[in-house]
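Colleague: So you can see what is in the structure, the chains are spelled out below.
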Amino acid sequence: MSDEYNKQNTPIEAQSSETMSGSSGSTTDIDYVRPAELPEQDLYHGHSFITKWIFCQDAKVIGIQYFLTAVFTGIVGLILSWLMRLQLGFPDLVPFMTAEHYYQFVTMHGMIMVVYFLTALFLGGFGNYLIPLMVGARDMVFPYVNMVSFWMFFIAVCVLMASFFVPGGPTGAGWTLYPPQAILPGSPGSGMGIVLMLISLSLFVIGFTMGGLNYLITILQARTRGMTLMRMPLTIWGIFTATALAMLAFPALLVSCIMMTLDKLLETSFFMPAIVQAGEVLDYGGGSPVLFQHLFWFFGHPEVYIVALPAFGIVSDLISVHARKNIFGYRMMVWAIVGIGALSFFVWAHHMYVSGMNPWFGFFFATTTLIIAVPTALKVYNWIITLFRANIRMNTVMLFCLGFIVTFVNGGITGIFLGNVAVDIPLSDTYFVIAHFHMVMGIAPLMVIMGAVYHWFPLVTGRMLSEKLGKWHFWFTFLGAYSIYFPMHYLGFIGVPRRYFEMYDSPYVTSATGMNEFITVAALIVGASQFIFIYNIVTSLRLGKPAGKNPWKANSLEWLTSEVPPVHGNFGEKLPVVHRWPYDFNVPGAKEDYITQTTPPSEVINAEVEKT
Amino acid sequence: MHPGFIFLAVIVGSVLFHIFTPWWWTDIASNWGAMDDTINLTFWIGGGVFILVCLFMVYCILKFSYKEGRKVEYKPEDHKLEKILTIATTIGVIALLAPGLIVYNNYINVPKNALHVEVMAWQWGWQYRLPGEDGKLGTAQVIKISDENPFGINLDDPYGKDDILIQSDELHLKTNRPVKILLKSIDVLHNFYVPQFRSKMDAIPGIVTYYWFEPNKVGEYEVLCAEYCGVGHYAMRATVIVDSDENYENWINEQETFSSLIAKQNNKLEITRIAKNNN
Chain A
78 MSDEYNKQNT
88 PIEAQSSETM
98 SGSSGSTTDI
108 DYVRPAELPE
118 QDLYHGHSFI
128 TKWIFCQDAK
138 VIGIQYFLTA
148 VFTGIVGLIL
158 SWLMRLQLGF
168 PDLVPFMTAE
178 HYYQFVTMHG
188 MIMVVYFLTA
198 LFLGGFGNYL
208 IPLMVGARDM
218 VFPYVNMVSF
228 WMFFIAVCVL
238 MASFFVPGGP
248 TGAGWTLYPP
258 QAILPGSPGS
268 GMGIVLMLIS
278 LSLFVIGFTM
288 GGLNYLITIL
298 QARTRGMTLM
308 RMPLTIWGIF
318 TATALAMLAF
328 PALLVSCIMM
338 TLDKLLETSF
348 FMPAIVQAGE
358 VLDYGGGSPV
368 LFQHLFWFFG
378 HPEVYIVALP
388 AFGIVSDLIS
398 VHARKNIFGY
408 RMMVWAIVGI
418 GALSFFVWAH
428 HMYVSGMNPW
438 FGFFFATTTL
448 IIAVPTALKV
458 YNWIITLFRA
468 NIRMNTVMLF
478 CLGFIVTFVN
488 GGITGIFLGN
498 VAVDIPLSDT
508 YFVIAHFHMV
518 MGIAPLMVIM
528 GAVYHWFPLV
538 TGRMLSEKLG
548 KWHFWFTFLG
558 AYSIYFPMHY
568 LGFIGVPRRY
578 FEMYDSPYVT
588 SATGMNEFIT
598 VAALIVGASQ
608 FIFIYNIVTS
618 LRLGKPAGKN
628 PWKANSLEWL
638 TSEVPPVHGN
648 FGEKLPVVHR
658 WPYDFNVPGA
668 KEDYITQTTP
678 PSEVINAEVE
688 KT
Chain B
456 MHPGFIFLAV
466 IVGSVLFHIF
476 TPWWWTDIAS
486 NWGAMDDTIN
496 LTFWIGGGVF
506 ILVCLFMVYC
516 ILKFSYKEGR
526 KVEYKPEDHK
536 LEKILTIATT
546 IGVIALLAPG
556 LIVYNNYINV
566 PKNALHVEVM
576 AWQWGWQYRL
586 PGEDGKLGTA
596 QVIKISDENP
606 FGINLDDPYG
616 KDDILIQSDE
626 LHLKTNRPVK
636 ILLKSIDVLH
646 NFYVPQFRSK
656 MDAIPGIVTY
666 YWFEPNKVGE
676 YEVLCAEYCG
686 VGHYAMRATV
696 IVDSDENYEN
706 WINEQETFSS
716 LIAKQNNKLE
726 ITRIAKNNN
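Protein chains in written order, with the numbering used here: chain A, 78 to 689; chain B, 456 to 734.
FYI, nobody ran anything at the bench for these hints, they're computed from the structure.
Misleading hints may appear alongside valid ones.
[Claimed, not checked] Straight-line Cα separation of at most 27 Å, BS3-like style, residue types lysine-lysine; simulated pairs:
1) 522/B with 622/A
2) 526/B with 626/A
3) 545/A with 599/B
4) 518/B with 548/A
5) 630/A with 530/B
6) 518/B with 599/B
7) 545/A with 719/B
8) 630/A with 719/B
9) 341/A with 599/B
10) 630/A with 599/B
Computed from a predicted structure; not experimentally measured.
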């Protein structure tokens, strides 16, 4: 296939837009789209197995590589969560479980799931696969850097996994890695474990910056003709804004990692005050542990939205396609995504209400945090209004979207509890917090990821996933996860603190024993039911129903490629030309219930389309 | 069965769970009833929104399931509706935020008559220091901590001499008297948390943090460390006993002061050695 492109990729002469619009832009031609101004991108086509599948520069392959690596770390994270839950529900059942191991599992589970699983999956996985396809580009603008980005991520994962095998094991400092304890002997893995964690995170940030610049520039510079910003699918808006957040937030993580590495290895005192441990005065003095918390959460809170915004975008597209109705209030959805993204840099200290920072901060951060609830609530309204008077396919994809709405609204509302400083004080550091963030940034984005896999699997592989298995997978996952986290809030109301290896016979928690056992059983079932999903994917790869072109009758460009699955270069000889937004479903006067983005107005002359 | 009914069951189940749950607040034993009130307010407004949104979703999926040729509304935007929803949400958010900020303002403004209690945390335990008759705590530094001077009190500070030192994890408080907890840590982060008092704050090495409450129920309460502090975190418990005035006076009179601790170490040479080390 590669040679065909090379022929038509010969540079055409760049023209200025003024000369063009004068010559061919007559007012009567309703299909008019400005001709291309720039020659098309020259792509490197792999010839050997290694350049096609390993050191590959095709964003789609890189996306799949990111996806598979992230899923692998996710499975490690899942197994760690099982071990933790077994300890909490049935102490003494796991013979090798000590407090050290428990805290190591807690830490690694958290860090893996937030950074190496969710972030890598949404931006590295879906971002790479979908951005060029959805904006109508042949590939990312810097394919080579894109490849390096994945391999940096891969090395970061290897370093992270290596920390399981060093003396002392991986760090057990909690995923927030708060100093001083993160680098002092009282915490497990405070030797090599924490150092490898900090190195791995730094590598992740470096790799991710390469990928992120690619996503941003591709979206800004490589959109096909007619694809205005306000015609982009919300998936792209979500990924775009999340990447912009990542570019601004990750540097804070990087510097805090570097400073803590120096504190650990060279005994500097960025975060370390004078400390007496085990009767000995340590060689530290003058540093501030709270400074680390500010840096960490300056990264950490946007990080929540780095996961959430792509999920918001993707779920909007899935709902619209499968409800056969335009997304309600597209422009407000876009501004809500951008607004949430901007606000997310002004709310970080709501994680620190009881951290000992200046108490006056509480007023400011409670206010900004609750302001962010407004655009978030508007997005929820728009999703459910999209379902109103629609024509809803109740398939697996839609079920996952509905599961997302329920869990996200639930987790969003508990977020209002924790964002409001006076309400947060009794609830912070209890199981209420755990229930809240698992519901809102664990289960809700996972619902979207799974819905998205069912939705785009036919595009990636050319085959459909089994609907029957998909529905079983959904109900096990949704009902199971809901019954893990909904009751868990009530443990937080009692006041059960988080990160407790064991409760002994504390008077508050004797009543919680039964619930802990129930939650553990539910967690085991939910985890096990993911193997239905994996089984579905593996069998459908070979035996699934052939999907054909555009099986969901969607409008956006990724379904309109010349080949399914799309090949390197994505589109055929000519790049698609876009005439409308991707949400023209059930337009009055149109013959079909969908009008693709590439359909020119002259082909749907009777359709009463709103100008987009 | 239509999936809509299962989603409906989830919502009904959540409400029933809430009604019949045996898991709820511990009985409050401090003045922070207002925190419970703001939580309840958030709970009812938030819970109401959750139920309404989910019920509307269930209605839509039951009513508008896929049917070939169903007439679908084509209405990309509705400015009036969007405006109403924005304003309504903003009002709801203000209604939740305003009372919260008022309560928080009380939380960070400590009453003048509050009794000061220094809580010193370490891996993994607690000790306490109360001001003596002068009503003031002596200055102290972590680097001066030694076996002979467990709180690192500056020996030349006259305010420190009568400080009452409690080298046990059992703290007594007087009922109906506000307490300002001054938190110190000598090593890593900790958090002095009694669920019945509702309030909490991290202890951080290097600085002194504080919060206050007024215990109003006589009884014995368990202290839990609420900030992860290493492998012993879960075992870092202590006890707070809220006493009537009379019992409190009896207890405090039995406690040792810093000067009596020094006097006990009757070997004079020993004292000079400490003084030398500390200066």
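Colleague: Now tell me, hint by hint, if it's right for this structure.
Modeller: Results of checking the hints against the structure:
1. 522/B with 622/A: holds (23 Å)
2. 526/B with 626/A: holds (25 Å)
3. 545/A with 599/B: violated (69 Å)
4. 518/B with 548/A: This hinted pair holds, its Cα atoms lying about 20 Å apart.
5. 630/A with 530/B: Holds, at roughly 20 Å.
6. 518/B with 599/B: violated (73 Å)
7. 545/A with 719/B: Measuring from Cα to Cα gives roughly 80 Å; hence the hint is violated.
8. 630/A with 719/B: The given pair, whose Cα atoms are some 88 Å apart, is violated under the 27 Å limit.
9. 341/A with 599/B: holds (24 Å)
10. 630/A with 599/B: violated (74 Å)
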